[in-house]
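Chemist: Single-letter residue listing:
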Amino acid sequence: MTAWNVFEIMGIVAFAVSGALTGIQKRVDIFGVLVLAVTTAVGGGIMRDVIIGNTPPLTFRDPTFFIISAIATIGVCFTYRWLDKFKHTIQIFDAIGLGAFTATSANLAIEHNLNTLFIVTTVAVITGIGGSVLRDVFVKEIPYVFRQEVYAITTIAGAISFYYAQFYFTGNIPLYLCFCITTGLRICCIMYGINFPVIGVNSGGRT
Amino acid sequence: MTAWNVFEIMGIVAFAVSGALTGIQKRVDIFGVLVLAVTTAVGGGIMRDVIIGNTPPLTFRDPTFFIISAIATIGVCFTYRWLDKFKHTIQIFDAIGLGAFTATSANLAIEHNLNTLFIVTTVAVITGIGGSVLRDVFVKEIPYVFRQEVYAITTIAGAISFYYAQFYFTGNIPLYLCFCITTGLRICCIMYGINFPVIGVNSGGRT
Amino acid sequence: MTAWNVFEIMGIVAFAVSGALTGIQKRVDIFGVLVLAVTTAVGGGIMRDVIIGNTPPLTFRDPTFFIISAIATIGVCFTYRWLDKFKHTIQIFDAIGLGAFTATSANLAIEHNLNTLFIVTTVAVITGIGGSVLRDVFVKEIPYVFRQEVYAITTIAGAISFYYAQFYFTGNIPLYLCFCITTGLRICCIMYGINFPVIGVNSGGRT
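Chains as they are written, first to last, in our numbering: chain B, 1 to 207; chain V, 1 to 207; chain F, 1 to 207.
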């Protein structure tokens, strides 16, 4: 198991925890909690694979991520009352996972000969935000990534850096560069509470 | 027309009726009622085919299921005031259809050389619940299968039995075994009103 | 740039404007406004390509439509307060775009050897309404095309005319015939305010 696997697992755990907590909060049954956790964790990757024609999606061929999501869900079911204390740890895990998935998705696009800046970036964004968009649609919320926080833009920055880095560096350097930029930017946004502006907000005191 | 076709048609009718009734209840127009009925009936199969790379989906190549859904929708439009009396009949049809679709989906996965227990099971679950998840997302409800009743778990039991049965039996035996287990379990759950627990329910008197 | 490109661009602009306006109205952030605009503009085409197995979808291979959507979004962000005055212009653009996309989608289906009336029609409908269904699901609305106005039916009429015209005419004649029928019917429906009936409406004074 490489460091990379550890990053990916941290991401899957963070995504699954957010899905499971959402499910518990919305009072769905335990099957629903599991589905929401798994969907949040692997939904973005499934969308990516369906779009680039990489079927059946990786998640279906190798159930590792599914199993990790299921274990995380069971963990959440027993500990959800105290998870609020670990909110920042989960956010850091999430940022690390986002970096890892951005890099692997950008790399996967290149491996499938989808070799343009546009496709590498959009594929990375879909992988990064797809799962949480599905989660929010399932529980009747306007997707969180559309409403608050700078999330997808860090993926875009990482994917662009990957695209250009692969022309100059070989081996794993582009992957790690992409990871550092995405995760680093995301952690900065969390620390300094940076949000995108909402248009029309200045027209009144409404939130 | 074999017995199997009859099972599938009963399922398509039950799914389409549930979609059409939802549409009427949510006061969408007649085109919306038709789309909801068709989506509920064939949405799970389309998701399955897109995921396993079986494109264009079977439904698009052979419009039989679409035509049956459309006829069921027209029927519902004229009889929806009295359909409540046939609630149990529709539930039985739904259980029979769920069994038939679970078996054909598990079989389709095997035919596409997706020959692992994990993929056979997930493909069967997606086919079984995909349509009703889409229906509920379209009408702004948290999917019913996440909230109440033991539904998908009967599909999982059926798919597992199919996967192991195909090693020991030939011909249609695995199909019929899967059908009997899925449909039988589902009817038991309906008769005894078995629901999954909701986490946190014991912490207060809330529903 | 042919007249056809102009029609498609008018459609993309109209779709993107409707997505961006929805986003501003629902108070999502500027990233969300962009995603909603792009999804509305190209979502139907992506669904079509995933379903017919034309992966990666055209939009990912050629970012022209994405760029036009992004420019339209920027324009809307600066002018949304006054766009209400151009409501009818946007509707006309939308009708023109609907006609163009119906024709290109029907043609694409034929080019992929999906040569039945049923598949040509459903593929055209999915392309025509897919984007706006996604937009409405993202912002927690029951899709507008299910609730009001005769929208998809004009696409169906156009696709049917395309299917039969290709047996008798060569070159671009079927494309233009399909375009004229779809756009013409749609404009008639707007002008005369034709809506589909809602079932049960006559049972009381409810809306």
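Because the hints were derived from the structure by calculation, they are not lab data.
Here the structure is a predicted model, which is why all the values come from computation and not from measurement.
A hint or two may mislead.
Because identical chains cannot be distinguished in the list, a pair is counted as satisfied if it fits within a single copy or across any two copies.
Cut-off 30 Å, straight-line C-alpha distance, at most; resulting in silico cross-link-like pairs (BS3-like, lysine-lysine) [unchecked claim]:
1. Lys-87 x Lys-140
2. Lys-87 x Lys-26
3. Lys-26 x Lys-140
Chemist: Checking an output row: Lys-87 and Lys-140, CA cutoff 30 Å. Within, between, both or neither?
Modeler: both (23 Å within a copy, 27 Å between copies)
Chemist: Which holds for Lys-87 with Lys-26 at a C-alpha limit of 30 Å: within a copy, between copies, both or neither?
Modeler: both (18 Å within a copy, 28 Å between copies)
Chemist: From the Cα coordinates, with 30 Å as the cut-off, is the pair Lys-26 and Lys-140 best called within, between, both, or neither?
Modeler: both (10 Å within a copy, 14 Å between copies)
In summary, this structure violates none of the numbered hints.
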